[in-house]
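*Asks:* Given the sequences, and given the hints that come with them, work out the whole structure.
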Amino acid sequence: MLLIKNGRVIDPASGTDAAIDVLLEGARISRVGANLASDGAEIFDAKGLVIAPGFIDLHCHLREPGQEMSETIETGTRAAARGGFAAVCTMPNTQPVNDSASVTRGIIERAAAGASVRVWPIGAASIGSKGEALAEIAAMKNAGIVAVSDDGKPIASARLMRQVMDYCRALDLPVIDHCEDSSLFAGGVMREGPQSIKLGLKGIPSQSESICVGRDVEVAGLTGARLHIAHMSTKASLEYVRWAKKMGLRVTCEVTPHHFTLTDEDVQYDTHYKMNPPLASRADRDALIQGLADGSVDAIATDHAPHHPASKDVEFDRAPFGITGFETALALGLSELVHPRKISLARLVELFTTGPARVLGIERKIASGEPADLTIFSTEHEWTFRAADSPSKSRNTPFDNRTFRGAPMATIVSGRVVYRREAAATAK
Amino acid sequence: MLQRLEHLLGIEPLTREQITFILDQAAPFQEFQKHPLKKLATLRGKTIALAFFEASTRTRISFATAAARLGADQMNLQAEASSLKKGESLIDTVRTLEAMRPDGIVMRHSASGAADFVAKRIEIPVLNAGDGTHEHPTQALLDALTIRDRTGRLEDLHVTILGDILHSRVARSNIHLLSKFGAAITLCGPAMWLPREFENLAPNVRRVTRIEDALDGADAIIVLRVQTERIHEPAIAAEEYILGYQLTPERLRLAKPDAIVLHPGPMIRGLEIDPSVADGPQSCVLEQVTNGLAVRMALLYHLVGGAPTDAPHPAGSDAVSNSGSSSSSGAAKGSANAAD
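Taken in order, these protein sequences are the chains called A and B.
Counting in our numbering, the first sequence runs without a single skipped number right up to 428 at its last residue.
Counting in our numbering, the second sequence runs without a single skipped number right up to 340 at its last residue.
Just the calculated beta-carbon pair ranges, DEER-fashion: (1) B/Glu-17 <-> A/Lys-47: 52 to 62 Å; (2) B/Glu-88 <-> A/Trp-383: 32 to 42 Å; (3) A/Arg-405 <-> B/Ala-55: 50 to 60 Å; (4) B/Val-289 <-> A/Asp-313: 33 to 43 Å; (5) B/Gly-217 <-> A/Ser-344: 56 to 66 Å; (6) B/Asn-200 <-> A/Ser-183: 17 to 27 Å; (7) B/Pro-203 <-> A/Asp-45: 53 to 63 Å; (8) B/Glu-123 <-> A/Asp-400: 17 to 27 Å; (9) A/Gly-48 <-> B/Asn-204: 53 to 63 Å; (10) B/Asp-279 <-> A/Ala-310: 49 to 59 Å; (11) A/Arg-405 <-> B/Arg-210: 53 to 63 Å.
Simulated from the structure, these hints should not be mistaken for lab results.
In this text, a Cβ means the ideal position worked out from N, Cα and C, and glycines have one as well.
*Replies:* What follows is the structure, encoded as structure tokens:
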């Protein structure tokens, strides 16, 4: 038994924001209330800290199987635990691609053996994510996938998207799309704009994303399926999502911490600023923050994309897209959104908890009988992120040596404290 | 004293004073090219690495000749012969070169930012001989020297740049340089090669799609090569380009009567430029080539030679003036130093 005392519980599902205690018994929450008696439970003093439902990351790459040089389920989930995430959804673009039940089962078995947090696999929409024939989606669902996506690329055509959506609607699985029009993308490496022109780097127009979002929203209307837009980066994309929501379509979207923090103006030739979708214009970034504030955006997702250092230490054109993100996500949310009063603390918690849970069609709340997944964080703790200290196998982050106000202090999964900041080590 | 350059990565970070200094330093080397014995001992014992990861003929020969005339030894790397073909990374290739202890590296690469990438990782000076579609600083400097010689000034000119602006590092470097001297710059070419963001690159830059409007009142016209190898999108048909954008004698008449015509080369006669313009009295194309040697000698001397910015000029100290006009005394003095 673990009694978390003296903290401030923020539970978006019930609208709770109160100084109450939480008692965990085994893998479940047993009681929530003021001044709970310890009854011999171990005490976690959460004085000055926020107690939230366990954070869910809808979008990450754990690189296993097949790319263990960059990350493994074990190293990636240790980084996730340090970031306050109790559950992470891992994208299927591994080697082999997670397009069959056997690969899904392999991921789940590896996670059971060595993961610090819950690992929820996302299955490929098409075989090999090649955009041709449907993957074994039903079999993968039985094996444990929570959504489908061909992430890394868009679902290739409107026709295939229609098939995927029809099929997934029957299976009640969300379809997650990495939106991009490949003909407009055309080998680009950063967002098209004044900075790409100045640097002489091939630009990707923002319409490359929004054209595909528009297509997907239309097909969602055609099929009635659940559509989730991954790592949305432009104002026009957001407008399509707003319209879809207004029309009553089951469309959701996520925004990454780097897209609400950085802009294309931050791009020089440092490959730690190269990701896909690329960093957007200031106007788009500001629109995303507006969407995070007003409820149009459903979740913050990291798109944690580890790459081995050697692969990023190359010319900008040749570097792979992507940055790591677990350990800086909450701190960026606090530093960039909450402290400057762009969104409320309760809203930030929602974007990490009930928001992503709703996308997956599950609940996330702090109540008796619920799974004992909790994220305990400080809004004030000052610290400096050092990529070299990360348990991740990769170091590709633009936020190395950045100082933050606010940090995850403990992550609890199934009643186990899988990360606690003070000791800077897992307290098993 | 003027701030010394550590590297030459682009024109954008340079000040007007630094540019003027380089041009002034190049002036005596212009005269030096006319001397029968073209060899100085200034960089004797120094080694210049010429690392050309992208095909180049004129820029590579120009740098090699500049280095030779300063007395430097050379290490040559050409993409075809390099281990890049075997999968070695740029940084490993460059560190291998560096381990052979050159005193400076001249590099060209097809990736924008490649020179910047290397400069951040090695100790010796890096001279950018062209990086992707980013910058080609020595081209802009030799163009500026040519313009200054022909028109007598570099300030407040009307300059028109014609062609594939989007894919041109020469255009970017020239825009940065000429803008620092107050130029009004007109960019002209097919609209898909003329994105509006170029207007953000520097003050007083405008875009025009009709060549007649672009040439009106120009003091200097820089004609760009149509870079077919760097074009990913469907290219415009040659006939269509000629119809709209070839610099013909008739069109040249719309510019100022004494307007000069520059071309960075290699030039395709009959495509972007009419042969009679290329060979006409307003054309500076061969002076540009000679001035390229002078500019590159000045840069190698300062970046690799490590001389203070107020040091006597190796090709004759009294030739260094701020006037920028060519000085005949430089050649005479240069000859005194010429024997190696």
